[in-house]
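Student: What follows is each chain in one-letter form.
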Amino acid sequence: MKKKLASVVMVVCLAVCLGGCVKVIDKGTEAQYTGEVAFDAAADSSGDWGQIAEEISGAAQELTEVLSGDGIGSSTLAVKGSGTIAEYIEKGPKHILRIELDGEGGSETILLQIGTVYSGTALRDIQTLKNFESFTNQTEWSQYAKALNAEMHTQVVEPLAIDDSAVGKKVTFTGGATQSGTEVTITPSSLTIE
Amino acid sequence: MKSKSKNNNQLLMTLLKGRTFIVLIVLVIFFSFASKSFLSLTTLTMVAKHVALYGILALGMTFVIITGGIDLSVGSVVGLVGMLAGGLIQEGLTIGSKTIYFSVPLIIIFMLLFGCLVGLINGLIVTKLKVAPFIATLGTMYICRGFANLRSGGATFSNIKGYEGLGNTGFKVLGSNFLGIPAGVFIFAILAIIAAILLKKVPFGWYVLAVGGNEKSARLSGIKADKVKIIVYIISAFCAAWVGMINTAQLSAAHPASGDGWEMNAIAATVLGGTSMAGGSGTIIGTIVGAFVIGVINDGMTMCGVSEFWQKVIRGCVIILAVVIDQTQRNLQAKMALQARNENK
Chain A
1 MKKKLASVVM
11 VVCLAVCLGG
21 CVKVIDKGTE
31 AQYTGEVAFD
41 AAADSSGDWG
51 QIAEEISGAA
61 QELTEVLSGD
71 GIGSSTLAVK
81 GSGTIAEYIE
91 KGPKHILRIE
101 LDGEGGSETI
111 LLQIGTVYSG
121 TALRDIQTLK
131 NFESFTNQTE
141 WSQYAKALNA
151 EMHTQVVEPL
161 AIDDSAVGKK
171 VTFTGGATQS
181 GTEVTITPSS
191 LTIE
Chain B
1 MKSKSKNNNQ
11 LLMTLLKGRT
21 FIVLIVLVIF
31 FSFASKSFLS
41 LTTLTMVAKH
51 VALYGILALG
61 MTFVIITGGI
71 DLSVGSVVGL
81 VGMLAGGLIQ
91 EGLTIGSKTI
101 YFSVPLIIIF
111 MLLFGCLVGL
121 INGLIVTKLK
131 VAPFIATLGT
141 MYICRGFANL
151 RSGGATFSNI
161 KGYEGLGNTG
171 FKVLGSNFLG
181 IPAGVFIFAI
191 LAIIAAILLK
201 KVPFGWYVLA
211 VGGNEKSARL
221 SGIKADKVKI
231 IVYIISAFCA
241 AWVGMINTAQ
251 LSAAHPASGD
261 GWEMNAIAAT
271 VLGGTSMAGG
281 SGTIIGTIVG
291 AFVIGVINDG
301 MTMCGVSEFW
311 QKVIRGCVII
321 LAVVIDQTQR
331 NLQAKMALQA
341 RNENK
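Sequence lines, in order, name chains A and B.
Just so we're aligned, residue 1 is where the first sequence starts under my numbering, counting upward by one.
Just so we're aligned, residue 1 is where the second sequence starts under my numbering, counting upward by one.
FYI, nobody ran anything at the bench for these hints, they're computed from the structure.
Check each hint, because a few of them may be wrong.
Straight line, CA to CA, 25 Å or less: simulated PhoX-like cross-link-like pairs of lysine-lysine [claimed, not checked]:
no. : chain 1 : residue 1 : chain 2 : residue 2
1   : B       : Lys-161   : A       : Lys-27
2   : B       : Lys-161   : B       : Lys-17
3   : A       : Lys-23    : B       : Lys-128
A few chain A residues facing chain B, derived, Cβ under 8 Å [what the hints assert, rightly or not]:
no. : residue
4   : Val-22
5   : Ile-25
6   : Tyr-33
7   : Thr-128
8   : Lys-130
9   : Asn-131
10  : Glu-133
11  : Ser-134
12  : Thr-136
Some chain B residues well away from chain A (every beta-carbon gap over 10 Å; in silico) [to be verified]:
no. : residue
13  : Leu-15
14  : Ser-35
15  : Lys-98
16  : Ile-190
17  : Ala-192
18  : Val-202
19  : Leu-209
20  : Arg-315
21  : Asp-326
Ideal Cβ positions, reconstructed from N, Cα and C, are used throughout, including at glycine.
Assemble the whole structure, with the sequences as input and the hints as a guide.
Tutor: In structure tokens form, the structure reads like this:
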């Protein structure tokens, strides 16, 4: 009997103690308690996209000139150019256009990403609107890059409904370029196909 | 002639018994010459932090190894506990439309209980399913690491600080310094004292030694060997849970890969401390010195610019050497005991 009583007292004490140790709130209302607004990569990138596209357009260098000069190297550059679509490449969800540049372009292979999945963080890396310090951590910084690519896809690539019939057509692009060996990969920020 | 040989053996025996401590002194002297800043307060605090982490893991590992077992899951438990604790602080526990945030003391209790649960599972697999400890804990090692990654999809919980409004601040206390000494060192000291008492002054400790020495005899003398084995795995995972929380608090971040390979440091510290891999013998003081040796080797080599790859090679050699010396000591002990018996006859 004494043991049972002691157990009941212990359980009551524990419940009272735990009552002060637990806070139950409605899901998604954390900001009211922390004063911090939850990070929303999609909303951030959507709001920033107009300015970023404008910035890249203003900073873009002619790709043919870059390639005939020092090249892109290990950096990420804002570039622009025009050429002819030579090949429509499908690598699972990654669709890519191989482009033959107008004018002297050197021996590099020019690949233009058209999604739906994009590799790399070129768009984020060439913009100056936000930097790593604007985010709480590496994860948010990475999510922002992905969200920018997704926003660009919705705004720039998707409306063009590009398929393999685009081969042979004329393309004009602006975007972020990276180079690996002789392969130059471009993530577009603006694109026209005629 | 016989007396001279006996004296030599006794001298060798004394040196062998104190080998880890001698190695520790030699290492400290070596690294203090090799790196000018090794004996600085900052470096010593850093070494103490690391020694505490490996040391706490090694305390639990000592009990397991004395019973003739091994616990490979401790490193993964470190990672998983860190992720669970970090997740509970950052995101709480969501059930339906409600999110529950727990206070830090409660989170610490939950994590320790969770560690005990993992240890219980290890113990039950080893004793009831008769799976070899190496395989059983290898399995739980992968399971825990998998769950650690699943908790956040491989991402890090960073800037773990809690919020006043949610009543979950204070976790960083486990990673703070008091009087210039890391909190982990105090926890290591307290756990080491408890472990030493448990192993030498309490019947449970004698049962652990008996089960490791000769399990059949222990069973025949009425010791519940299975129960003892289950408890040692619980102790080991309990220690790993502490390390998981201390490590997360020190970094203010939890990463799913945290603690990867730390089980090897714990095993190395235990073996260097003189605990026999065959079971049946071992001391907590030896394990503490072993943890210091591992900590000093790791941090000393890093300060001297030795590459991570070479560090692994050297650590491996140290472990093999420790086991060889341990074996030599046992052979010498047997030889001396035989000599003593012959002389008595």
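Student: For every hint, state whether the structure bears it out.
Tutor: Now for the hints, and whether the structure bears them out:
1. Lys-161(B) x Lys-27(A): Satisfied, since the Cα-Cα distance of roughly 20 Å is no more than 25 Å.
2. Lys-161(B) x Lys-17(B): Answer violated: Lys-161(B) to Lys-17(B) is near 45 Å, above 25 Å.
3. Lys-23(A) x Lys-128(B): Measuring from Cα to Cα gives roughly 40 Å; hence the hint is violated.
4. Val-22: holds (6 Å)
5. Ile-25: Holds. Min distance 6 Å.
6. Tyr-33: Nearest chain B Cβ about 3 Å off; hint holds.
7. Thr-128: violated (24 Å)
8. Lys-130: Since the shortest Cβ distance to chain B is 18 Å, the answer is violated.
9. Asn-131: violated (17 Å)
10. Glu-133: violated (14 Å)
11. Ser-134: Interface hint status for Ser-134(A): violated (15 Å vs cutoff 8 Å).
12. Thr-136: Since chain B brings a Cβ to about 6 Å from Thr-136(A), closer than 8 Å, the hint holds.
13. Leu-15: Non-interface label on Leu-15(B) holds, nearest chain A Cβ at 51 Å vs cutoff 10 Å.
14. Ser-35: It holds; Ser-35(B) is separated from chain A by about 31 Å at its closest Cβ, greater than 10 Å.
15. Lys-98: violated (5 Å)
16. Ile-190: At roughly 22 Å from the nearest Cβ of chain A, Ile-190(B) sits farther out than 10 Å, so the non-interface label holds.
17. Ala-192: holds (29 Å)
18. Val-202: holds (25 Å)
19. Leu-209: holds (34 Å)
20. Arg-315: Since the minimum Cβ distance to chain A is about 30 Å, Arg-315(B) lies beyond 10 Å and the statement holds.
21. Asp-326: holds (44 Å)
Checked against the numbered hints above, the structure breaks hints 2, 3, 7, 8, 9, 10, 11, 15 and satisfies the rest.
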